[in-house]
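Full structure from sequences and hints, please.
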Amino acid sequence: MRILIAIATFALGALTAMTAAAQDRVKIGMPMTTMNDAFWVDYVDFAKSAAEAYGYELVVTDAQSREDKQLSDIESLINAGVKGVILTPLSEPLGIQAIELLDKAGVPVVVTDTYPGIEVGAVPNYLAFIKLDDETAGYNVGKHLIENDGVKKIVGIGGVPGISTSEARNDGLKKAVAEHEGVQLLDLQYTDWTLARGQTVMEDFLTRFDDIEGVWGAGSDPLLGAVVAMENSGRADKIRLAGIDITEAALDALADGNLSMLAGGHWVMGGYGITIIHDYLNGHKTDEPVYEMSLYYLTKDGIDDYRAKIIEPLSAGQSLVDWQAISKTTDPSVNHADVFQVIKP
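Just so you know, the sequence shown maps onto residues 1 to 345 in the UniProt record's numbering.
Do not rely on the hints blindly, as some may be mistaken.
Restricting the straight-line Cα-Cα distance to at most 20 Å, the calculated cross-link-like pairs of lysine to aspartate or glutamate (EDC-like) are [unchecked claim]:
(1) 238 with 204
(2) 174 with 187
(3) 153 with 171
(4) 174 with 213
(5) 152 with 171
(6) 285 with 119
(7) 153 with 204
(8) 309 with 322
(9) 152 with 210
(10) 153 with 211
Simulated from the structure, these hints should not be mistaken for lab results.
Model, not experiment: these values are computed from the prediction.
This is the structure in structure tokens:
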């Protein structure tokens with residue numbers, strides 16, 4: 001009996017110590033716009049591997065695409081004592097408000113993906129902006145449809161009106177169309193990045209246009225909604241599709257032949273943001289105010305390699321990066337501009 005009591009006491013003490021250690025870990029906040037999107041799930045999974053490697057607790061919230069909730073989430077993170085925040089704002093006005101709020105609280109922030117309406121350095125605690133080269137991505141997807149798939153009449157499945165990511169991708173598509181004589185952009189509509197809206201918009205396009213040859217997608221979820229609409233109409237085998245964001249469901253559609261090309265890999269942004277916060281907290285400033293990611297372009301013949309080397313390890317929680325090797329805290333000579341890159345298989 002004494003032995004059992006001793007073992008129980010030891011186990012309880014070990015559990016208490018482990019709980020205390022977890023509570024002692026520095027917290028970094030990630031107030032997400034939504035977690036109802038496969039891209040953002042991959043983004044968070046990658047960021048978790050960075051936080052774990054550096055010894056932080058990553059606190060993730062879900063604004064459910066509501067600006068008021070994202071701001072409330074940020075206030076809650078400040079009150080919870082986070083020492084840094086990785087922010088993707090739902091809009092520019094919210095971005096400005098959030099950054100000023102965090103700066104006033106003395107919490108360093110790295111912004112990813114969406115321009116927040118304020119330049120890096122405008123307030124002391126706004127450290128860096130990590131973004132995608134959205135216009136080039138939109139252009140290359142449009143160019144692929146035109147030059148590789150031979151389409152001349154295109155409809156666009158857009159994202160959210162007014163935000164930098166959506167508008168720059170749209171500009172890229174329009175540039176690709178303008179450069180090719182005889183190619184028409186029949187229409188472009190916004191979908192709020194959702195599959196349901198993508199399906200609704202595509203159903204409208206199919207009703208209004210009987211000569212659609214190609215569908216360009218600003219994001220994979222709404223593009224998959226377009227696939228559903230096309231299958232329901234019996235026109236799936238007559239129209240080519242390509243878009244941005246490589247997700248598991250989009251890979252399935254690419255493998256099935258519903259899509260001809262995907263562009264992506266920019267889910268790395270959140271993890272690199274944590275590296276910037278980590279180095280800043282340890283006395284090392286990042287090298288550049290803005291980092292711009294170039295995308296990886298994937299066609300059907302590269303799917304197996306991408307799944308094996310990227311999707312499966314990421315889903316299993318395996319690290320795809322040697323986080324210590326890209327940190328200035330480990331090696332002050334590291335240049336973030338050299339190591340912050342999209343991961344390719």
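Now the hints, each set against the structure:
no.	hint	result
1	238 with 204	17 Å, holds
2	174 with 187	11 Å, holds
3	153 with 171	17 Å, holds
4	174 with 213	16 Å, holds
5	152 with 171	18 Å, holds
6	285 with 119	17 Å, holds
7	153 with 204	16 Å, holds
8	309 with 322	15 Å, holds
9	152 with 210	13 Å, holds
10	153 with 211	7 Å, holds
Hint check: no violations occur; every hint is consistent with the structure.
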